[in-house]
Structures are given as C-alpha cells and as structure tokens.
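Since the structure of chain A is already known, use the hints to place chain B on it.
First to last, the protein sequences are chains A and B.
Going by the numbering used here, the first residue of the first sequence is number 1, and it counts up by one from there.
Going by the numbering used here, the first residue of the second sequence is number 1, and it counts up by one from there.
Honestly, the hints are just simulated from the structure, not real lab data.
Every residue gets a Cβ at the ideal spot worked out from N, C-alpha and C, and that includes glycine.
One thing to keep in mind: the hints can contain errors.
[Claimed, not checked] For each label pair, taking beta carbons as the anchor points, the in silico distance ranges come out as:
no.	chain 1	residue 1	chain 2	residue 2	range
1	B	148	A	171	25 to 31 Å
2	B	72	A	171	27 to 33 Å
3	A	7	B	206	39 to 45 Å
4	A	139	B	61	45 to 51 Å
[Claimed, not checked] What the simulated footprint calls covered on chain A by chain B, stretch by stretch (three residues with Cβ under 8 Å from a Cβ of chain B suffice, anywhere in the stretch; the number is not a length):
no.	segment
5	31-43
6	49-63
7	108-118
8	134-148
9	186-196
Protein chains: 2
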Amino acid sequence: MPADLPPLTTTDRTRVRRAPARASDDRAEAYAILDEGRVAHVGFVSEGAPVVIPMAYGRDRDRLLLHAARASRLARTLAAGAPVCVTVTLLDGMVLARSAFHHSMNYRSVAVVGTAVPIAGEAERRAALDVLVDHLVPGRSAEARRANRAELRQTEVLALPIDEASVKRRTGGPVDDPEDLGLAVWAGVVPLTCVAGVAQPADDLVPGLPAPAALIQWGAGLTS
Amino acid sequence: MPADLPPLTTTDRTRVRRAPARASDDRAEAYAILDEGRVAHVGFVSEGAPVVIPMAYGRDRDRLLLHAARASRLARTLAAGAPVCVTVTLLDGMVLARSAFHHSMNYRSVAVVGTAVPIAGEAERRAALDVLVDHLVPGRSAEARRANRAELRQTEVLALPIDEASVKRRTGGPVDDPEDLGLAVWAGVVPLTCVAGVAQPADDLVPGLPAPAALIQWGAGLTS
Numbered sequence: 001m002p003a004d005l006p007p008l009t010t011t012d013r014t015r016v017r018r019a020p021a022r023a024s025d026d027r028a029e030a031y032a033i034l035d036e037g038r039v040a041h042v043g044f045v046s047e048g049a050p051v052v053i054p055m056a057y058g059r060d061r062d063r064l065l066l067h068a069a070r071a072s073r074l075a076r077t078l079a080a081g082a083p084v085c086v087t088v089t090l091l092d093g094m095v096l097a098r099s100a101f102h103h104s105m106n107y108r109s110v111a112v113v114g115t116a117v118p119i120a121g122e123a124e125r126r127a128a129l130d131v132l133v134d135h136l137v138p139g140r141s142a143e144a145r146r147a148n149r150a151e152l153r154q155t156e157v158l159a160l161p162i163d164e165a166s167v168k169r170r171t172g173g174p175v176d177d178p179e180d181l182g183l184a185v186w187a188g189v190v191p192l193t194c195v196a197g198v199a200q201p202a203d204d205l206v207p208g209l210p211a212p213a214a215l216i217q218w219g220a221g222l223t224s
Numbered sequence: 001m002p003a004d005l006p007p008l009t010t011t012d013r014t015r016v017r018r019a020p021a022r023a024s025d026d027r028a029e030a031y032a033i034l035d036e037g038r039v040a041h042v043g044f045v046s047e048g049a050p051v052v053i054p055m056a057y058g059r060d061r062d063r064l065l066l067h068a069a070r071a072s073r074l075a076r077t078l079a080a081g082a083p084v085c086v087t088v089t090l091l092d093g094m095v096l097a098r099s100a101f102h103h104s105m106n107y108r109s110v111a112v113v114g115t116a117v118p119i120a121g122e123a124e125r126r127a128a129l130d131v132l133v134d135h136l137v138p139g140r141s142a143e144a145r146r147a148n149r150a151e152l153r154q155t156e157v158l159a160l161p162i163d164e165a166s167v168k169r170r171t172g173g174p175v176d177d178p179e180d181l182g183l184a185v186w187a188g189v190v191p192l193t194c195v196a197g198v199a200q201p202a203d204d205l206v207p208g209l210p211a212p213a214a215l216i217q218w219g220a221g222l223t224s
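Next comes chain A alone, as it looks inside the complex (with noise of 0.2 Å):
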C-alpha cells in the first residue's frame, strides 16, 4: 500500500463526534478495512425512513462497487442519485472492564458516504462485477462462468466514491477509572475471529473434482 495515499475526505456527514481519539481519515486503513470485510451495511432513505440492509460488496482502487438487481428497490434508489452511507464493521473483540460502564468492543469500521453512480458499459459492468466476485474469494472471477449478457441486463453495478468516508476503531485493553483498578473484578479481552471452515462441496458436483488452491488458500489465510 503506496504511503502517499490522500486522507479521507471529512465533512460534517463524516466527522467522528464521540471519542475523536478513535477516528482516522487514513485512505489505506479505510482500505485495509473494506478488502478484509465481507458484508456491507448500506443505508438510504426510503420515503422519509432510514432503511439498512447487508450487501456483499467490493473495492476498485477509490471506488467501493455495489450490486442489486435492476428492479429493486435500492438499485433504483441509488441509481437515482439518492444519498447512501455504507458501513463496514469488523468486529476484533468484546472488551471487559471492571465496571459495567466502560464495557466496550474492539473494532474497525468505514463509513463511506456519498452517491453512488451506475456503471454504464459492458465491458466496464463486467469487470466490475469480476471485483465483486473476487471480494467473496480472490481469483475467482477467473475460475467461475462469467455473466452473459441476460444476467448483466438484470444487474445494476454501482460505483460509490471512497472519499467521504472516515474510519472509526478501537483496540486495547479496558480503560477503567483509577478507583476501579483494585477490584477483585476480571477484565481483559476476548478477542473474536472470523475462521472458515472446510469448503463443503455441491451436492451436484461434476465428481472428483478438487476444491481449486486459491480457496483452499484462502480459507487457510483466514484461520490462521
């Protein structure tokens, strides 16, 4: 990761209010957080209320990619230019203190905000499609059976700019008030990981065919 990446853009949408010790408008830690994520928590406002809903998603250099079908209601609702906030959580541990008060959680998040635009081109859709497949496991966009054209017709691709974004975390042990630290009362971390487990083959699998290195790979990177 080049070290002259540009900070985030912060506005008053992106500002951290609370503990602005945990705040950081560092481009690459943004990036590091959206390439080890897998579900995207993406918000838009639907007839005055917020709506939340989990997406996979992906990341091209500064753009963070989207896809629904054409006809749903949030690809319709982003492609019309509404405003979105995308929300990656990665959750590294639960934090115990002696007091109930500063129990906490360690983790790292991205709030990406801003408008989304459709990709227009087939060529440009089907490589930005490639990126979102290969978010799920890396190189599998060259193993699996690219889109035909139905499929593209059906699926709207979106493009979020990176830039109005920050980053928010929290690591370490408890912080508890000095009064508190004598008290016969654990606190430490438990720190949480996410693991995959073995690849479980289709029912339907052509037979003998081995499960491919990269996701083997994959799957050992992700325990380790």
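Same frame as chain A, now just chain B:
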C-alpha cells in the same frame, strides 16, 4: 423458545421485496439472530441523508435496547423520535457457484424499524444496562461494578419495540442454472464462523485473578 410467539409485523417498510422465499416473519427466528449477534448497524436520517453506525445492543423480551452517550447525535436524534432501522447480520458462509452470477453468501439477518423510546427511571435504566452487558458476555452484569449515578446520567438508554421487523436469510448450497451443472468449476460453500480466542487479561489486572467460569464457558461455546 415458546412456539406460539406472535409473528413480526410486516409493513411496506419491512416487506422483503427480493427473493421473498428468503424472508420470514418468525419472531423466534428473529430473537435467535438478535441473541447471537454482537453488532447492530443502526440507521437514521440526519439532514436528509442516511447515517449507519455500528453499535452494541441487547434484547429484553420484545424490546431491542441501545445505549449511547446522552450528548451524542445518535442519542439526541433517536430520543427525539426519529425513525430508526436496526439491522443485525450473521455471516454464515460464502457460496461459490459455477457461474459468477449465482455467487452468494449464506447469512441470517433481522431488520427492526420503528421509533426508539428513552427508558426513564433509574431502576429500569440499570436493568436495561445489565441486559446490554450480559449480551456481550452472559452473566457479566453480576460480576462488574454497576453503573453509578454519574454514569447513568451520561447514558441514554433506548428501547425499540421488536414488532415491525423482518428476517431474511439464505442457507444451503449454490443454485446454478441447469446448463451450468456440467461445468468443471468447483462449487460449494465455505462456512464462516465467529470464534473467541484465549481471553487476554488486562495489563493492570489484580494479580492472580482468574478469568470467570462464565467467560470460559462462553468462549468455548463460541468456538464449538
């Protein structure tokens, strides 16, 4: 879990529009997802734009509980009666199909919408904070020092009725088009699980204080 829980209420806001076979109004299923999750993504509208923030939460019977610093934008917005959408998602696996188009994720999610109500009364607020702490680690509220008056004053505790809500989930293997089943492309599911690592005591822990039994059991439960 009693089998006769009333179903969730489906409205235009909570109706699952895409892939309705993945939707459910089963209250027991919603409770199970909420009880297993740790992070909620809380969406609200601020100056016309969506904001999605990761937060801890808890469940007390048919109420989803949130807490935030009373001076925070979130607490002030929700306490003023703004509509909110709280989504909790558990990621269960990556679904690799022969075709890029049918790649997917196995997940379970709940979205609860409505208006959160600040909990008044010191005793009720303390009880709600106990639920939030016990959601992190069961039984923890009985071990930790409970909130004092100053801490209670700083904390807004909000209850969102779990009523207007929907469950959406995907399970099982890839669903490929019949014409793709003969392709020599590996297909299947890579299961993903959240596991707890070894509890890390705080640097300044009272020497010799063991980790509580509840914590060890809880961690072992997560990794199984």
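Indices of hints not satisfied (ascending): 2
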